[in-house]
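Peer 1: Take a look at the letters that make up each chain.
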Amino acid sequence: MNKGVFRFALLVAGATFFLIIAGALVTSHDAGLATADWPLTDGHFLPKVTIFGITTSGVNMVGNLFWEHGHRMIATTVGFLTILLVIFLFAREKRRWVRRLGVAALIGVVLQGLLGGLTVKLMLPLAVSSAHATLAQLFFCTTVALAVFTSRSWQQQRSTIEEPTGVSLRYLCATAAAVILVQLVIGATLRHSATWDKPLPTPLLLTHIAGAVIVTAMLGTAAVRVLRRYKGERFLTRPATIALGLLALQLVLGVGAYLARSASPNDPQPLKPMVAITVAHVACGALVFATTFVLTLRCFKVLRPRESVVSSSEFVVQSSG
Amino acid sequence: MFKQMKVWLVLTVVLSLLAVAASCSKAPTNETADTNAGSTAGETYQSKGDEGTVSGVIAFLGTAPAPKKIDASADAVCGQRNPNLSTEDTIVADGKLANVFVYVKDGTTADGKKITGITFPVPTEAAALDQNGCQYKPHVMGLMANQKIRITNSDPTQHNVHPTPKVNPEWNQTQANGAPPIEKTFSRAEVLIPVKCNQHPWMKAYVGVLKHPLFAVSGADGTFTIAKVPPGKYTIAAWHEKGGAAGTEKTMEVTVPANGAGKADFSFGDAATTSTTPGLKMMPAIEFPMLGRH
Chain A
34 MNKGVFRFAL LVAGATFFLI IAGALVTSHD AGLATADWPL TDGHFLPKVT IFGITTSGVN
94 MVGNLFWEHG HRMIATTVGF LTILLVIFLF AREKRRWVRR LGVAALIGVV LQGLLGGLTV
154 KLMLPLAVSS AHATLAQLFF CTTVALAVFT SRSWQQQRST IEEPTGVSLR YLCATAAAVI
214 LVQLVIGATL RHSATWDKPL PTPLLLTHIA GAVIVTAMLG TAAVRVLRRY KGERFLTRPA
274 TIALGLLALQ LVLGVGAYLA RSASPNDPQP LKPMVAITVA HVACGALVFA TTFVLTLRCF
334 KVLRPRESVV SSSEFVVQSS G
Chain B
6 MFKQMKVWLV LTVVLSLLAV AASCSKAPTN ETADTNAGST AGETYQSKGD EGTVSGVIAF
66 LGTAPAPKKI DASADAVCGQ RNPNLSTEDT IVADGKLANV FVYVKDGTTA DGKKITGITF
126 PVPTEAAALD QNGCQYKPHV MGLMANQKIR ITNSDPTQHN VHPTPKVNPE WNQTQANGAP
186 PIEKTFSRAE VLIPVKCNQH PWMKAYVGVL KHPLFAVSGA DGTFTIAKVP PGKYTIAAWH
246 EKGGAAGTEK TMEVTVPANG AGKADFSFGD AATTSTTPGL KMMPAIEFPM LGRH
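Sequences listed follow chains A and B, in order. Read in order, the letters of the first sequence are residues 34 to 354 in this note's numbering. Read in order, the letters of the second sequence are residues 6 to 299 in this note's numbering.
Please note that a few of the clues may not be correct.
[What the hints assert, rightly or not] Below 25 Å or equal to it, Euclidean Cα-Cα: the simulated DSS-like pairs (lysine-lysine) are:
| hint | chain 1 | residue 1 | chain 2 | residue 2 |
| --- | --- | --- | --- | --- |
| 1 | B | Lys119 | A | Lys154 |
| 2 | A | Lys154 | B | Lys74 |
| 3 | B | Lys189 | B | Lys142 |
| 4 | A | Lys231 | B | Lys142 |
| 5 | B | Lys268 | A | Lys231 |
| 6 | A | Lys305 | B | Lys247 |
| 7 | A | Lys305 | B | Lys74 |
| 8 | B | Lys268 | B | Lys209 |
[To be verified] Interface residues of chain B toward chain A, partial, derived using beta-carbon atoms under 7 Å:
| hint | residue |
| --- | --- |
| 9 | Ser60 |
| 10 | Ala79 |
| 11 | Gln180 |
| 12 | Pro206 |
No wet-lab data here; the hints were simulated from the structure. All C-beta atoms, glycine included, are put in the ideal place defined by N, C-alpha and C.
Just chain B, with the same shape it has in the complex (with noise of 0.2 Å):
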């Protein structure tokens, strides 16, 4: 019977062993992530001045969720400064909806070369995230791969800054109020990397890193503008939060003229019928089938 016992006990921290094992398992690679990032330093981009635009309109189909409000009571500073403090995930007025980041995820250019291949300078000017009212502004960004991030605090009480980027070095800093700007760079490409903030937990921000300039966020009317796409055809990505861990993306094949514009509306949205793909892995996470759908 002790050998029964034993064998049992064995058995089950054995299993259970293996099946921690498998959840520490590293996550599968971020092929959006990884869409930029792969590409060697190529040709650098010459202007030949007839770079076009690509624009669109960024709908929400079916009935928006309410902005849930947030309980900053833990923060009396974030109450005050905000005293409507809410959630930011699906932004949507008049049937737009904000905060898409919207990219061009590949294509070839009207020449033949790789948009994926092709060196863009790097803007010296750091793209700037701020954090006002106890909310990241903006909610979403893009920078490129390089390009410093220029992060300042608004807010009379401290934060902390915590990107949680799968390919990008990790790091966490305090920002106090009144302290300098934090200034960053993430070297690698990678849609979109979640940016939170451990003292307020509610607070959240997205940052896409690209190697080209040619992305966009969705404004409050819903529409976005890249410029200056040289000509070409390529495919257009629009991501956006909600949709499980991953967020949801969604792609398009968008013809750009020399000189012209190409066209790339997006709908998202319950009622949304737009094929799909998958978006950013950022969870090695699996949701549970009993309770459906978070």
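Excised from the complex, chain A in its bound form (with noise of 0.2 Å):
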């Protein structure tokens, strides 16, 4: 185990959560195309900056360029580090699946960069715009799950546990994580269905308060079994406690934002309780699909069916490479 690429994996999660806020705050804003440029912004990377009086040829950071740009500078950020990521996996990491999913990373970002460049050449075509809002969550799903196979926590030797008859939680949770991602294209295509000036159509509307039932109902169930068939069991309860508190709160920041976003239309601009509440319910969500997806890993890194209790040292040993 190497901490230090645990460490570098987390940072790579974290500034693609970042990159995720500053993706929602372009939609919010309607800044999506607020440069017909790509991939440099009217000819130029760095932004315009004063320095001693003398000013730098580059990016006028003004109005809604702050954000596209902004965004644009972020996510080179993000691939640049995935690249050194893979670098370090290739360096330390001995797992041939680790490495193997550290590139299809890799392989990620580059997609959602040309996907986000495709969709300001395109001028905003809801299917490629919601499929780089739809990238974006896997994406960072994956750097989670980078993160969570190189900690100490996920490679130090566990007993497994028998599941009891019945619903398996292991399923149970994956069923949860996928109705989630689903929710997640509800949610992105409602997003880019209309600008913040234009009422959202209300089929898709319904649609994903529909989902949040589902992901509700999901999760909910999931996540409180967890925590009533192992309770001392941490590995477990924390992703699980952390997934019911993070649900509760994008539950609230839902109905905050549908209010918030109904009220936009009559708005001269886009103001900043909208943009606030919107962008904070997408990174909310992003949060609950995330740890209901390592709550998913860990339900099958330490749980078994009742015929086949096996030694979880015996699935590392198996999988690594």
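Could you use the hints to bring the two separately framed chains together as a complex?
Peer 2: Rendered as structure tokens:
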């Protein structure tokens, strides 16, 4: 186990979360087309700065260019961090499948950059913008998974726990994660269906609300069962508790985002409360997904069906490459 | 139990994808936009020198909403150039409404020709749209299909000009301060094309594109005059941007006698009772009923 790799993976995951917030800020401000240029912004990458009275040439970070070009700069940073993480993994990580996951993350971030460029060049078609927002969530999840797999808590030997007969928590959590992903796709499509000055399309809005009910039922059931069955097992109860807390926060933010967004077509411009609450809703959604994914991974790590109880160290040995 | 879970999962995914697909489906055709777009090149208009006018006043009935102050702190230049930057969607003075686009929507000339079937000469001079004080000037304008629109930037900051038409091609072009004018044309009739600036999200303009030159925009005193209207009987439409995503359009039948004047007074606002027809459909959006009208 290498602490440095874990810490760097954690840094990449944190930077990716920050990138998701930056992307959400672009959407909420309707800043995606603040420049028609890509990958540079009006021929520049670095922002215009004034040092000792001398102003450099660069991007004039005013108005919505601040959000759009800021997003591009953070995305570029995340791209470079991902390259470094892959190099780090190939240098220090022994498990081939973890290295491969790193390569998958790199492919993901490159694709994400291309999707971002494509959506600007095609003037924000709904399908491409929604795909860009969805891939962002999947990439974030991949970076979180890399942090989980390189962590000490994952790699230390653990006894497997026999699952009682009935509903398997492993598959319940996996289903909850899948349902959340679908909900994120719907949410991304909803957000990109109408800019701040237009009402949201009702059918999609109702679908998103129905999705919230399903997610609450699925994740609530999974997390509560984990907390009831495995009280002393912090490896499982911690992500379950966090997921439940985030879910409650997300529901409150969802109601707030709906109210703020319903009022925004009457506003003269995207107002700060609407921007703040819709961005928080996106960010919290990403955290709910990531936490549920971690819970799922941990359930698969330590829970086993009744008939095949084996040592988790055996699992690690079998899986490493 | 696994099977049940799988069934639910598949059902959820399928239903969600169906809903997404439904919401992504093509928006209904813009009826207003097609009014003049569908006409093929017909008989070229020959003036007989007996043209008249259609004029009128746009009244605003009810309490006019006060213009909303715009926070231009994101670009200091905007605040310096225009310290009283505020919304322009409902400009009312003495009960009269400005920025209403009035045009001949349909009708027949006195000699029995459909107005939409007549080919009018396209003006050689460009229609002007300026970005001044971080606002589009004028806020509402009209031009003929294939007539040049000349867009200038008088501000010491950068803008991007982004029309979002439904039947014409969409484009988005950055215009730095001091950059040469942008000259473009819209080849198809479309009432009206919203124009925005993605750098300054409050900046909006509406451009009406018609196959004929029979249009006008109400001034600060609410008056308008459509000049050089061939004698005949016409449907006159008045469009205002407020009233949901599509704006509001009202129509009235007007007869223009030879060398005479037709009268078309419209009224907008909450207390207005004139019959209303749906305006342009800019978005496939439906207002959510729980909070009422936005």
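Peer 1: When you check the alpha-carbon spacing of Lys268(B) and Lys231(A), does it fall within 25 Å?
Peer 2: At roughly 34 Å apart (the allowed maximum being 25 Å), Lys231(A) and Lys268(B) break the hint.
Peer 1: With a cut-off of 7 Å on the beta carbons, see whether Pro206(B) makes it to chain A.
Peer 2: holds (5 Å)
Peer 1: Given Ser60(B) was flagged as interface, is its beta-carbon under 7 Å from a beta-carbon of chain A?
Peer 2: Given a least distance of 32 Å, the restraint on Ser60(B) is violated.
Peer 1: Is the hinted pair Lys119(B) and Lys154(A) satisfied, with a Cα-Cα distance of at most 25 Å?
Peer 2: violated (41 Å)
Peer 1: Is Lys305(A) close enough to Lys247(B), meaning Cα to Cα at most 25 Å?
Peer 2: Distance of about 23 Å is within 25 Å: holds.
Peer 1: Would you mind confirming whether the straight-line C-alpha gap from Lys268(B) to Lys209(B) stays at or under 25 Å?
Peer 2: Not satisfied, since the Cα-Cα distance of roughly 30 Å exceeds 25 Å.
Peer 1: For the pair supplied as a hint, Lys154(A) and Lys74(B), confirm whether the alpha-carbon distance does not exceed 25 Å.
Peer 2: violated (33 Å)
Peer 1: Need the status of pair Lys189(B), Lys142(B): alpha-carbon distance at most 25 Å?
Peer 2: Distance ~17 Å between Lys189(B) and Lys142(B) Cα, so the pair holds.
Peer 1: Per the CB criterion, is Gln180(B) less than 7 Å away from chain A?
Peer 2: The hint is violated - Gln180(B) has no Cβ within 7 Å of chain A, the shortest such distance being about 10 Å.
Peer 1: Given the hint that Lys231(A) pairs with Lys142(B), test it: the Cα-Cα distance must not exceed 25 Å.
Peer 2: Holds, at about 23 Å.
Peer 1: When you check the alpha-carbon spacing of Lys305(A) and Lys74(B), does it fall within 25 Å?
Peer 2: holds (14 Å)
Peer 1: Can Ala79(B) be said to touch chain A, with a Cβ gap under 7 Å?
Peer 2: Ala79(B) check passes; min Cβ-Cβ to chain A is 5 Å, inside 7 Å.
Checked against the numbered hints given earlier, this structure breaks hints 1, 2, 5, 8, 9, 11; the rest are met.
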